[in-house]
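Student: Using the sequences and the hints given, assemble the complete structure.
Read top to bottom, the protein sequences are chains A and B.
Under the working numbering, the first residue of the first sequence is numbered 174, with each subsequent residue one higher.
Under the working numbering, the first residue of the second sequence is numbered 174, with each subsequent residue one higher.
If chains are identical, the list can't say which one is meant, so a pair holds when it fits in one copy or spans any two.
Capping the alpha-carbon separation at 30 Å, the derived lysine-lysine pairs in DSSO-like fashion look like this: (1) 206 / 331; (2) 348 / 198; (3) 327 / 287; (4) 320 / 287; (5) 327 / 344; (6) 287 / 272; (7) 348 / 224; (8) 348 / 193.
Since the hints were made in silico from the structure, they are not lab data.
2 protein chains.
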Amino acid sequence: MNKVITIGREFGSGGREVGKRLAEKLGYAYYDKEIIQEISKRTNLATEYVKQIIENRPIVYYPITIGTTLHSSYNDVMIENHTSIMSELSNILVEMAEKSNCVIVGRCADYLLKDYNPLRIFVYGNMEEKIARCRKKAPANEKLTEKQLIKLMKQIDKNRARYYQDVTCCKWGCKSNYDLAINTSSIDIKAACDMIVALVEKD
Amino acid sequence: MNKVITIGREFGSGGREVGKRLAEKLGYAYYDKEIIQEISKRTNLATEYVKQIIENRPIVYYPITIGTTLHSSYNDVMIENHTSIMSELSNILVEMAEKSNCVIVGRCADYLLKDYNPLRIFVYGNMEEKIARCRKKAPANEKLTEKQLIKLMKQIDKNRARYYQDVTCCKWGCKSNYDLAINTSSIDIKAACDMIVALVEKD
Chain A
174 MNKVITIGRE FGSGGREVGK RLAEKLGYAY YDKEIIQEIS KRTNLATEYV
224 KQIIENRPIV YYPITIGTTL HSSYNDVMIE NHTSIMSELS NILVEMAEKS
274 NCVIVGRCAD YLLKDYNPLR IFVYGNMEEK IARCRKKAPA NEKLTEKQLI
324 KLMKQIDKNR ARYYQDVTCC KWGCKSNYDL AINTSSIDIK AACDMIVALV
374 EKD
Chain B
174 MNKVITIGRE FGSGGREVGK RLAEKLGYAY YDKEIIQEIS KRTNLATEYV
224 KQIIENRPIV YYPITIGTTL HSSYNDVMIE NHTSIMSELS NILVEMAEKS
274 NCVIVGRCAD YLLKDYNPLR IFVYGNMEEK IARCRKKAPA NEKLTEKQLI
324 KLMKQIDKNR ARYYQDVTCC KWGCKSNYDL AINTSSIDIK AACDMIVALV
374 EKD
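Tutor: So, in structure tokens, the structure goes:
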């Protein structure tokens with residue numbers, strides 16, 4: 174069976190960087206945003222729409238009533254799209270795990286690939302360092318105040334938590350759902366990667 | 174400054190084994206139960222009493238009234254003892270950190286030695302594996318049923334959490350208070366130690 178490493182991460186914690194570095198160091202395939210694009214291709218739904226569904230869960234499961242008329246068709250389409258997206262997400266993740274050793278960032282891969290016994294890593298950090306990392310990576314013309322940035326970061330993590338809860342019925346970021354949780358505010362990302370490589374290569 | 178590694182751990186997770194192995198591998202001093210004995214020596218309080226205070230927090234902060242008489246002397250003694258114990262705990266931990274590189278298990282050392290910038294590790298596991306580990310280490314004449322054992326394990330962790338909360342005002346086991354959280358149900362203890370050694374030696 175191929176080796177699979179999954180990375181859950183708080184926004185701004187450098188989880189993606191951990192994933193990329195690990196994949197490079199280990200010679201594993203690396204998957205992140207490619208997953209959204211592939212779902213979009215297979216479902217014929219726009220990438221942005223797939224992303225919206227997966228990252229913001231805008232699903233209305235209850236019928237909409239206007240006056241005395243029941244309008245359920247919109248909801249039916251939403252539910253159908255959501256089902257297709259989730260089904261393709263599972264298929265794609267399984268294909269990735271079957272194809273080669275790989276590192277997968279986000280997308281509830283820790284849960285959806287549990288039969289592949291992945292090394293489930295969660296990367297987190299203190300708000301101060303996460304803000305600094307976001308500022309460093311932001312485009313030069315970004316105008317967000319600190320308050321706006323914190324609000325945005327919290328909202329993104331809230332969406333991730335909600336989506337994770339929806340798919341797995343478990344709490345996002347709760348250590349019992351992971352094998353290793355790494356605080357990148359105190360552990361340097363390069364050192365963290367070397368440490369994980371030491372663990373994986375020992376296995 | 175000496176290197177300090179602190180280990181918080183759920184009962185049955187093998188945290189003590191992680192600490193011992195790490196100390197051996199790194200050539201660091203190892204401290205665990207010795208701390209209680211040293212406090213007992215310095216305060217002239219019985220080891221069991223010190224242990225009880227530190228592990229079960231039996232402190233009554235409110236005055237006892239019987240009829241119209243206020244009996245505060247018992248409470249005064251308890252508070253005085255608790256203050257001495259906590260004061261000596263801090264002193265001893267600082268002395269240990271000043272003396273040499275070391276691994277310290279429990280005793281809120283992650284918080285009390287924060288000025289020494291310790292590597293703060295938390296070791297946890299799933300109940301099933303923790304029970305199996307407890308059974309393996311139990312004396313041959315132990316008669317606890319599974320239900321009794323689980324109750325005991327939960328009570329010990331509850332006490333640890335309460336004590337940690339008292340001393341640090343933070344949540345015991347919450348990943349944000351640690352640098353690294355390791356699930357020994359999925360990561361082998363020897364491999365975990367090699368991984369931590371790789372991290373420490375990189376530093």
